[in-house]
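Generate the whole structure from the sequences, applying the supplied hints.
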Amino acid sequence: MGGGMNLNMNSAESLVAQILGLSGGSAKDLAHLHHLLKQSDDLLLSSDSPPASLLSQLDPSVHSLGYLYILEVCTSGPISKEQSGEVALLIARFIEACKADQICLAPDKFISVCKRFKDQVLLVEAPIRGVAPMLTAVRKLQTSSEQLTALHSDFLLLCLLAKCYKTGLSVLEDYIYEVDQPRDFFLYCYYGGMICIGQKQFHKALELLHNVVTAPMSAVNAIAVEAYKKYILVSLIHFGQFSTSFPKYTSSVAQRNLKNFSQPYLDLANSYSTGKISELESCVQTNKEKFETDYNLGLVKQVVSSMYKRNIQRLTQTYLTLSLQDIANTVQLKSSKEAEMHVLQMIQDGEIYATINQKDGMVRFFEDPEQYKSCQMIEHIDSSIQRVMVLSKKLSTMEEQMSCDPLYLSKVGRERHRYDFEDLDSAPHKFNI
Amino acid sequence: MEDEDDLAGQMMDESEIYSNGDGAETQRHRPIISGEQLDIEAYAAMYSGRTKIMRLLFIAEQCDNVSMQLEALRMAYDEVKKGENTHLFGEVVQKIDGRLGPNYGPDSSWTDTVDHRAEQRKEKLENELNAYRTNLIKESIRMGHNDFGNFYYAHGALAEAFKNYVRTRDYCTTSKHIVHMCSNAILVSIEMGQFTHVTNYISKAEQSQDALDAVTSAKLRCAAGLAHLEGKKYKLAARKFLETSPELGNHYTEVIAPQDVATYGGLCALASFDRTELKTKVIDNINFRNFLELVPAIRELIQDFYTSHYASCLEYLENMKANLLLDIHLHDHVETLFDQIRNKALIQYTHPFVSVDLRMMANAFKTSVTGLEKELEALITENQIQARIDSHNKVLYARHADQRNATFQRVLLTGGEFDRDVRAMLLRASLMKHEHSLKVSRKQH
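Protein sequences appear in the order of chains V and S.
First residue of the first sequence? That's 1 in UniProt numbering, and the numbers climb one at a time after it.
First residue of the second sequence? That's 1 in UniProt numbering, and the numbers climb one at a time after it.
No wet-lab data here; the hints were simulated from the structure.
There may be inaccurate statements among the hints.
Unchecked claim - PhoX-like, lysine-lysine: derived pairs with alpha carbons at most 25 Å apart:
(1) S:Lys433 to V:Lys393
(2) V:Lys248 to S:Lys433
(3) V:Lys38 to V:Lys109
(4) S:Lys374 to V:Lys309
(5) V:Lys290 to V:Lys301
(6) V:Lys334 to V:Lys301
(7) V:Lys259 to V:Lys301
(8) S:Lys204 to S:Lys233
(9) V:Lys301 to V:Lys200
(10) V:Lys334 to S:Lys374
(11) V:Lys288 to V:Lys334
(12) V:Lys337 to S:Lys394
(13) V:Lys309 to V:Lys204
(14) V:Lys309 to V:Lys288
(15) V:Lys248 to S:Lys439
(16) V:Lys288 to V:Lys276
(17) V:Lys411 to S:Lys433
(18) V:Lys394 to S:Lys433
(19) S:Lys439 to V:Lys411
(20) V:Lys276 to S:Lys374
(21) V:Lys259 to V:Lys290
(22) S:Lys374 to V:Lys337
(23) S:Lys394 to V:Lys359
Okay, here's the thing in structure tokens:
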């Protein structure tokens, strides 16, 4: 049957006819169409009629698969800057309209089209135009919300460039467990970390950056290095300290190399641990250029201001009341006015519990008013328990799957054999399982 | 009824606070030793041998008072001349630098005679030892090495002396010999400041099969105490000094005077013991009381500390400080010990109260309110005092941690951590799986 069809496939026009005929049909029809399309790349390229005219005969929301193949050919050639806007619009419309089940038959084509879309959007310097379509693309390509697609990192990059941090967060809220390409994963975590930093969600940012730093890697890469630098800074801002030791599951490559690339940052963490503003400031001054070339100076400034906060917070552990002047003296602020601003800001952000008595310039600190008795709190705890239970179930399923995985078993089996025999005999053995 | 009792208790406490402060001297007429200069002659008389000279030299080096310096050097000069250590003699002369007149200058005729005698003696000892070696008489060889040790020790060659004393070990036939060897090794090691050797040889001596006599075991305790003190293990040091039996008497003056046992032991105990330990192991310790009687100031200040008369206790300490800083073993630790004692006093003072008036407390500790605030702040930060300062009203309030809230907090935190860790782990597993399948597929192609 395939051969017979091929005879008819002599022109682009007849291909369009096939698309029109098979797109609306059953899964079997679609599979057949896919087969035809795969063989027709050359045909489309060599066709006399411009592929763009073919597109006009198709409806992207009905003939998504065919449209995708032709669109891919359309956009594969060089595109002038004037055309960029137009091409971007064309792809954006397709992304909005296309059917997820059809494009999922040819994910590679879809990814390549979307990546071109990103390139065009960046070329016309309008990243914000790419944010919404790219989000749709990610959602349409995903088979489950736990899957990391090749488009995640591009989407987050567009969000970053367009400063649409909130839209970015909506994707970051999904928990990712399935990863195909380590590079996609590294970029996803790195850009994601930056978006969370932009939204001051330092906890989440740390989690993402931590994933990059501790990910298995066989060679040190630039993403991990930059992530490590930001990881140090965010740790200081969020926890007020940084431990230079890596968790033991960190790859040896990372353990050996990351520190060498981040000396100024480690120095900063060191001077932070002294608790003295003056030392921190002088460390910032000496390394200012390096921070600037790394585009981290803004974060470094946040590190400095976090130290004031940290020192004020420490006072709440010790004092019930303290004058603004004493606060200014202890945390090395210039005036009591400045201390007042800091305290006020911290009260507003819920970082300390206190009242300021402006009449005699006294601050009264309170304990955390949370009594863990409210319904809300109970609900929060309950949901945490549920979350952990789901996670724990997932863990055991994964373990089960893993212990049945032939690849895993063969690897473990091989290693065990090698190990056993080496103990007994130093002569090399080879085993095939 | 109960309320009334409480009230009475509180009032008593309050009067106690006042008596801590300014009432101390008027109520209890106690001789407080003044911070007057150390009586060097009396001090030196407590010691013998090399340590006497070394202690005098140490005083000369540490104190700023020139007349005291010269006094110490003069006595050191006289003392050195009684012995045979010409090298040390040279040093002393150099330090005096002619400031004590012609009688205390370099005495070349004395040096030459002593050196000459030493040469002869060394030759004689060598010949003897060689003779013993050829005859293979164990006991004689041991004696020979021992003589050599003594000879070197007298001439200040400590390392050589140590070697020779240790060499006798192979020729020891009775456990008494071994103990003797150990004591010599300990003595030289203390002089050299090698306290790891001291600890080693103490344990060797204590392993001896025969029971040690009271004096020897007291000596070993002292040496162990010194070693712990040097290692800043004040609690262990205090225990060793407290275990020292009064049989020690003046038998160990080449290392330590019984007064020192009281001082070292007392201060270390104050700095490291809690209240009950202080009571049972120090105040009720009949053995140690014998030592404490020798240094009434220490006895008094321990008593003051225990009865919460901190002002008087700290005053005693302050008065002793200058002299303690001149002690060859203690001077490095004076500051640390004093700080620890002071912190302990502060902690104990606040312990029974729900609220403490900082002004009264500052009075009791003879310090300013701001100074006290800083000290308390440090202690609270280190979690040594569970309290918070009301800096406005100058009151310290005890703070009782809410177990329930703390538990909730910890639970939520742990849950969050678990959540994060597991997800990170699943991700890593996924990456590794991918990497592995990549490798496999590469191999297959």
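Evaluated hints:
1. Our distance criterion of 25 Å between C-alpha atoms is met by S:Lys433 and V:Lys393, whose separation comes to about 20 Å.
2. Pair hint V:Lys248 plus S:Lys433 holds up; C-alpha atoms about 19 Å apart against a cutoff of 25 Å.
3. A C-alpha spacing of about 11 Å is found between V:Lys38 and V:Lys109, which places the hinted pair at or below 25 Å, so the restraint holds.
4. A distance of roughly 20 Å separates the Cα atoms of S:Lys374 and V:Lys309; the hinted pair therefore holds under the 25 Å criterion.
5. Between the alpha carbons of V:Lys290 and V:Lys301 the distance comes to roughly 14 Å, so the proposed pair stays at or under 25 Å and holds.
6. Our distance criterion of 25 Å between C-alpha atoms is met by V:Lys334 and V:Lys301, whose separation comes to about 17 Å.
7. Note on V:Lys259 and V:Lys301: the hinted pairing holds, with a Cα-Cα distance of about 21 Å set against a maximum of 25 Å.
8. Taken as a hint, the S:Lys204 and S:Lys233 pair is honoured in the structure, with Cα atoms around 21 Å apart against an allowance of 25 Å.
9. Annotation: proposed proximity of V:Lys301 to V:Lys200 holds, straight-line Cα distance about 14 Å (limit 25 Å).
10. Of the supplied pair hints, the one linking V:Lys334 and S:Lys374 holds, its CA atoms being roughly 20 Å apart against a limit of 25 Å.
11. Annotation: proposed proximity of V:Lys288 to V:Lys334 holds, straight-line Cα distance about 23 Å (limit 25 Å).
12. For the proposed pair V:Lys337 and S:Lys394, the alpha carbon gap of about 23 Å is at most 25 Å, so the pair holds.
13. In summary, the hint linking V:Lys309 to V:Lys204 is supported, as the alpha carbons are separated by about 20 Å, within the 25 Å threshold.
14. The straight-line distance between the Cα atoms of V:Lys309 and V:Lys288 is roughly 22 Å, inside the 25 Å bound, and the hint therefore holds.
15. At most 25 Å may separate the alpha-carbon atoms for a hinted pair to count; V:Lys248 and S:Lys439 meet this at roughly 24 Å.
16. Between V:Lys288 and V:Lys276 the alpha-carbon distance is near 18 Å, which keeps this suggested pair within the 25 Å criterion.
17. Our distance criterion of 25 Å between C-alpha atoms is met by V:Lys411 and S:Lys433, whose separation comes to about 11 Å.
18. Using a Cα cut-off of 25 Å, the hinted pair V:Lys394 and S:Lys433 holds, with the two alpha carbons roughly 17 Å apart.
19. With a C-alpha separation of about 11 Å, the suggested pairing of S:Lys439 with V:Lys411 holds against the 25 Å cut-off.
20. Between V:Lys276 and S:Lys374, the direct Cα distance comes to roughly 17 Å. Compliance with the 25 Å bound is thereby established for this hinted pair.
21. Proposed proximity of V:Lys259 and V:Lys290 is supported: the alpha carbons are some 15 Å apart, at most 25 Å.
22. Distance restraint check for S:Lys374 and V:Lys337: the Cα-Cα separation of roughly 23 Å lies within the 25 Å cut-off, and the hinted pair is therefore satisfied.
23. A hinted pair counts as satisfied when its Cα atoms are at most 25 Å apart, and S:Lys394 with V:Lys359 qualifies at roughly 18 Å.
In terms of the numbered hints stated before, the structure departs from none.
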